[in-house]
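Chains as they are written, first to last, in the numbering used here: chain A, 1 to 448; chain B, 449 to 732.
Among the hints, a few may not be true.
To be verified - Just a few of them, taken from the derived set where beta-carbon distance is under 10 Å, the chain A residues facing chain B: (1) SER86; (2) ASP110; (3) SER263; (4) VAL268; (5) SER407; (6) ASN412; (7) ALA417; (8) LEU419; (9) GLU420; (10) ARG434.
Treat the hints as calculated values from the structure; they're not laboratory data. C-beta atoms are modelled at their ideal positions from N, C-alpha and C, and glycine is treated no differently.
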Amino acid sequence: MQGSIKKVSATVAVLALGVAGLSGCGGGGKADDAPKASGGKVYYMNFKPEVATQWEDLAKKYTDETGTKVNVQTAASGTYDQALKSEMSKAEAPTLFQVTGPVGLKTWKDYVSDVSDTEPYRQLTDKSTALKDDSGKVVAIPFVTESIGIIYNKDILKKYCQLPDAAVKSASQIKSFKQLKAVADGLQKHRDELGIKGAFTSAGMDSSSNWRFGQQLAAVPLYYEFKDENTVQKQPATIKGTYLPEFRQMWDLYLKDSTTEPSKLGSVTLDDANSEFATGSAALYQNGTWSWTDLRDAGFQADNVGMIPMYIGVKGEQNQGLTTGTMNYWCINKKISKKDRQATEDFLKWVITSDDGKKAMSEDMGFTTPFKSFADVKTENPLVEIAQKDSKSKTEKIPWVHTMQPSATWQNNVYDAMLEYAQGTGNWDMVVHRFVDGWATEVQATKD
Amino acid sequence: MISMIGKSIRRWWAVFLLPTLVAFLIGFLIPFVMGIYLSFTRFTTVTDAHWVGLSNYSGLLADREFQHSLVFTVLFTIVTTLVVNVAGFFVAYMFTKAMKGANLFRAVFFMPNLIGGIILGYVWQLLLNGVFGHWGRSLTYSGTYGFWGLVILMCWQQIGYMMVIYIAGMQSLPDDVMEAASVDGASPRQILFRITIPLMMPSITVCTFLTVTNGFKLFDQNLALTNGAPSNTSEMLALNIYRTFYGRTGYEGVGQAKAVIFFLIVAVVALIQNKLTTSKEVAA
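Just chain A, same shape as in the assembly (with noise of 0.2 Å):
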């Protein structure tokens, strides 16, 4: 008898582990490897999910025309480090592969190469902004410039310059932190007569959201203290937090004049912060001009929407321009044959060149690029239209240092001490702490 129970037991549990085993190996689809041609072949590791098919049809483009392999891998948002990863151990690892700037660098400068010999080096219009190893050979080429400031809804601007109170007569008149917190507090004040349900759309803290503070805000804090520094170029072993009142009073100005409570934003998305400024329950959205697409599809008119920089009410801010860099820049795998690496910098050359290239890459794909080769290239993007006029006029540009944050780890630990300030679980020192110390800590944690 014990037996027969220990049997049924003992089939059972084999059952049990062999499904949980099943499930554990699912999710990991691959698509086939790349066939294998005589020549050179390229294999290209995608970073933005948004634009994998644009890449796919285009490396598909560029195969019926020349009959080099194209094969192209993109990872899941969020995942590109971990799919890299385990791509480059592979005997048939990417060719071309991406980093996010300098810190990015440092994981995989075992397998960068100089690449100045390259057509995207040569046809850089900025060549000091592709990055350089520690013995000055040019490793990683920008390929994409974005603009990142606050988006803005004109028509609801507008509507609200013409009440008797208004702080502004019309958008373009604020120039510093102190006019655009007027403007947002009226625009709370006045949110039943203008149709919105609060000035600044939710500033959401969960993952999906919180780069746009924990990094792309706390750039700003970080630009103007470097440039007291004189460090904007090289990451400093230790920061100060010079401006990190200022950068208070911009994030208490997010949680106030919102459409959600600040206790609620741990649950808040990017998707409901994007379909807030879509559909004009908020006036204010600070985001990158990438946006754009997630906005046109939601239905929002071109001509409705501006942008403007991110006061946080630093002196002479008046003349602050957009924050415009980038995370994305090229690189070619060392540890590749000759032939590869040939098929690889033909490819490139094509990208950026060809008509049939240059066209994916600045319509379908949406980019700016930063290449001579696109100057009669147009752009059918409100917001880089006006991230391209904010580039020609005088404006101060914020460059993108948050590519300089020493680790993953400080970025999120202190979107965490902003999230638990914002919900009234932390306080204000928290946030420093992490900034200002962390820095610090970080730095050493991943010094070799």
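With chain A's structure known, arrange chain B on it following the hints.
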């Protein structure tokens, strides 16, 4: 008959054994050995590592967040093991008694198991945040919220699964022993505690083993439901390892070292648990 089977097994054993063996090697043994090796190295990709000795392990004991996640995980495992098994057993006990619609209920209770952990995590995040929203809060309010959120999710998912195992065990209980007991005048309560439960120990061994190891290894649900928020206070061991691995440049080896320690902890706990419950198994 037996000798014939024996003969064909002797001839064909390779066909039956080798595929599993190869799968076991590729899917388990090789990664396992590599993982241990990698914990003593500094590496970016697994094929490209250089030896650094024990330096990945030094400082692990002083890592406060690692300690916190360890305590969190142990508490979580204790709570879920108790709740899931007691509830699973109770539900199974109910459904093996004559009851209308028992089959339907069995299927319904089992269903949560068919949903992936990530999806469950997001669904429960929406549900719980909806509830907390009434008080103007969210799951990220404190680590305690995350803890109980995870417990609720885990119970919801696993009770039905353990129920199935318990039902299988109960259905194979010997009728003669039960009958003898009731003829001898044992009360239902006495039958349950003196006869059913002791005879069910093999199932209980299996179920506690599964719940204990599942509790320790929980990752998907943790990642999707709280992602450690706020400030890693609702972070379990597996998530801590993952975050260590990808959180900083050059910390892959440290994450790997944590994973080795994690393995040791889970192995020791599972062995102790197995020993404890098997020692209580009796023959009818």
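**Report entry** Satisfaction of the GLU420(A) interface hint, Cβ to chain B closer than 10 Å
**Finding:** holds (5 Å)
Query - Interface hint compliance - VAL268(A) to chain B, C-beta minimum distance less than 10 Å - result: For VAL268(A), the interface hint holds, since the closest Cβ of chain B sits about 8 Å away, which is under 10 Å.
Query - Hint check, SER263(A) versus chain B [nearest Cβ-Cβ separation less than 10 Å] - result: holds (5 Å)
Requested in this report: Against chain B, run the beta carbon of ARG434(A) and see if the smallest gap drops under 10 Å.
Outcome: holds (9 Å)
**Report entry** ALA417(A) as an interface hint toward chain B, with CB separation required under 10 Å
**Finding:** holds (7 Å)
Query raised in the report: Does ASN412(A) pass the interface hint, meaning its C-beta sits closer than 10 Å to a C-beta of chain B?
Result: holds (7 Å)
**Report entry** Residue hint SER407(A), partner chain B, criterion CB-CB below 10 Å
**Finding:** holds (4 Å)
**Report entry** Restraint outcome when LEU419(A) is required to lie within 10 Å of chain B by C-beta distance
**Finding:** holds (6 Å)
Query raised in the report: Holds or violated: is there a CB of chain B closer than 10 Å to the CB of SER86(A)?
Result: With a minimum Cβ separation of about 8 Å from chain B (threshold 10 Å), the hint on SER86(A) holds.
Query - Hint validity - ASP110(A) Cβ closer than 10 Å to any chain B Cβ - result: holds (7 Å)
In summary, this structure violates none of the numbered hints.
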